[in-house]
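Participant: Per UniProt numbering, the very first residue in the sequence shown carries number 1; after that it's consecutive.
There may be inaccurate statements among the hints.
Quick list of in silico lysine-lysine cross-link-like pairs, BS3-like style, CA-CA up to 27 Å [claimed, not checked]:
| hint | residue 1 | residue 2 |
| --- | --- | --- |
| 1 | LYS72 | LYS83 |
| 2 | LYS180 | LYS72 |
| 3 | LYS85 | LYS109 |
| 4 | LYS72 | LYS92 |
| 5 | LYS119 | LYS109 |
| 6 | LYS179 | LYS92 |
| 7 | LYS83 | LYS100 |
Now the in silico label distances, taken between C-beta atoms and shown as ranges [what the hints assert, rightly or not]:
| hint | residue 1 | residue 2 | range |
| --- | --- | --- | --- |
| 8 | ARG104 | GLU164 | 29 to 39 Å |
| 9 | THR65 | VAL93 | 17 to 27 Å |
| 10 | ALA86 | SER184 | 51 to 61 Å |
These are calculated hints, taken from the structure and not from any lab test. Every residue gets a Cβ at the ideal spot worked out from N, C-alpha and C, and that includes glycine.
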Amino acid sequence: MSSFPGTGSAARPLIVPRRPRSFTQVSQRLSMSESVVQESPIEEQLLFDSSSGSEPETDIASEETPSTLEAKQRSGLRELHMKYKARMNETKVTHFRRRKESRRAYDNKRTIVIDNYNKAGCWAVFRFSPRRELDAIDRDQENADNYFARSESIERRAVERRFEDREELYINRYRRMWKKMYPSLPFWYDRPNPDALDIPVMTYYQPID
């Protein structure tokens, strides 16, 4: 017998199971122009505190050796990549919380609809089915999930572009510094297989003539 009221039969309380939703099932095809990360200019991002030891270009003492200079430059790239990973994780956590709050709100709406239906009592034979209202809530939640997925994708790509630009500036400045101090030695970054140099380089940047 159906859970919804029919002609000549007593209505029973409605129990609608909640369908689990996966974060990976949201669509990426919706257009969205909001929630794009607003970043400061690259020139401002390169103004580091000299005490941090991570600025791309500093005054090097005359006793600086190739090995110590290489170690400092590697450390600068590692610190930059750590900031990149921290920013990406912050973006992920932020959008996870937004999705969680949104889904909790839609679950509350479903609960209210079902409670209102069940409060009518068994004597209300001609109650309207809440199915249409519940389906509308499901569609709204799916649209919200799509929105948050698209929003996160746009923000993550903005963070990637920002740090790729910063990384390129770092490496080009390091290369000029190295060429000025040790013109007879090849720049350590330009050695074969740069990805195996124990540095988290996102992109390999060729020398700029």
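Participant: For every hint, state whether the structure bears it out.
Facilitator: Evaluated hints:
1. LYS72 x LYS83: 17 Å, holds
2. LYS180 x LYS72: 16 Å, holds
3. LYS85 x LYS109: Violated, at roughly 37 Å.
4. LYS72 x LYS92: 31 Å, violated
5. LYS119 x LYS109: 15 Å, holds
6. LYS179 x LYS92: 40 Å, violated
7. LYS83 x LYS100: 26 Å, holds
8. ARG104 x GLU164: 29 to 39 Å: 36 Å, holds
9. THR65 x VAL93: 17 to 27 Å: 42 Å, violated
10. ALA86 x SER184: 51 to 61 Å: Given range 51 to 61 Å: violated, Cβ gap about 38 Å.
In the structure shown, a violation is registered for the earlier hints numbered 3, 4, 6, 9 and 10, in ascending order.
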